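Take a look at the letters that make up each chain.
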Amino acid sequence: GALVYQYPRRTICKSGTSMRMECQAVGFQATSVAWYRQSPQKTFELIALSTVNSAIKYEQNFTQEKFPISHPNLSFSSMTVLNAYLEDRGLYLCGASDWGSSAETLYFGSGTRLTVL
Amino acid sequence: GQGVEQPDNLMSVEGTFARVNCTYSTSGFNGLSWYQQREGHAPVFLSYVVLDGLKDSGHFSTFLSRSNGYSYLLLTELQIKDSASYLCAVRAYQGGRALIFGTGTTVSVSP
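Protein chains in written order, with this note's numbering: chain A, 1 to 117; chain B, 1001 to 1111.
Quick caveat, the hints were computed from the structure, so don't treat them as lab data.
Hints may contain errors.
Think about it this way: if two alpha-carbon atoms lie no more than 16 Å apart in a straight line, the pair counts; the simulated EDC-like pairs of lysine to aspartate or glutamate are [stated by the list, open to error]: (1) A:42 x B:1008; (2) A:42 x B:1052; (3) A:14 x A:87; (4) A:42 x A:87; (5) B:1081 x B:1039; (6) A:42 x B:1005.
Each pair of labels, with its calculated beta carbon distance range [what the hints assert, rightly or not]: (7) B:1011 x A:39: 33 to 41 Å; (8) A:82 x B:1051: 24 to 32 Å; (9) A:15 x B:1050: 30 to 38 Å; (10) A:52 x B:1039: 42 to 50 Å; (11) B:1068 x A:7: 40 to 48 Å; (12) A:15 x B:1054: 29 to 37 Å.
Remember, it's a predicted structure, so these values are computed and weren't measured experimentally.
Note that CB positions come from ideal geometry on N, CA and C, so glycine has one too.
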């Protein structure tokens, strides 16, 4: 089956520091990877959509300078939160889809919960 | 602006049904998906609809009306384990394929 491993599951960082999270796709080809942040109020925000061999598209209020993303191949993607502050806390989720088979299905990682002190 | 709206909570009783509503307003429409998310876990794909009408998938069904910007997820013969958050997500035209999610409806099933 198709799975996405996301790590770390939880991380705590000091205000102003940075942290990186990674997603590994197994059993399918992660043609595109969307990164989301789910706030404590459960609001789902799309940060960016990354497609292999194409430019990464960031949503309004999110920038490459703050959330640099790497998507070097069809099985891996990473995102870093630079200079994290309180407003960056939440559950970060990667959702990958395989355009070659079931483009409409997003396979999610288990999420990285970021706490900022 | 673009948005996907869902009620926050829905309570129902084991053995009955629950209907989770979703309304959306997007610049273009390229399909609507439903996901189930349990507390502390990642969303899991349930269903995808792009044409108007009812799609029956056994334990649950999904309905779509594109002209009204409306969909619902119908859960039948509810079990306690169906208690979870149900997320509606819309794919809009914007040169990309990212989904726009609603905040989810927490369904609580009591005995």
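Hint check results:
1. A:42 x B:1008: Roughly 10 Å between the alpha carbons, so the hint for residue 42 of chain A and residue 1008 of chain B holds.
2. A:42 x B:1052: Violated - the C-alpha atoms of residue 1052 of chain B and residue 42 of chain A are around 28 Å apart, more than 16 Å.
3. A:14 x A:87: Within the cut-off at roughly 13 Å; holds.
4. A:42 x A:87: Holds, at roughly 14 Å.
5. B:1081 x B:1039: Since the Cα atoms of residue 1081 of chain B and residue 1039 of chain B sit roughly 12 Å apart, the hinted pair holds (cutoff 16 Å).
6. A:42 x B:1005: Since the Cα atoms of residue 42 of chain A and residue 1005 of chain B sit roughly 13 Å apart, the hinted pair holds (cutoff 16 Å).
7. B:1011 x A:39: 33 to 41 Å: 24 Å, violated
8. A:82 x B:1051: 24 to 32 Å: 43 Å, violated
9. A:15 x B:1050: 30 to 38 Å: 44 Å, violated
10. A:52 x B:1039: 42 to 50 Å: 32 Å, violated
11. B:1068 x A:7: 40 to 48 Å: With a Cβ separation near 42 Å, residue 1068 of chain B and residue 7 of chain A satisfy 40 to 48 Å, so the hint holds.
12. A:15 x B:1054: 29 to 37 Å: Because 50 Å falls outside the window, the suggested range is violated.
Violation of the numbered hints given earlier is confined to hints 2, 7, 8, 9, 10, 12; the remaining hints are satisfied by the structure.
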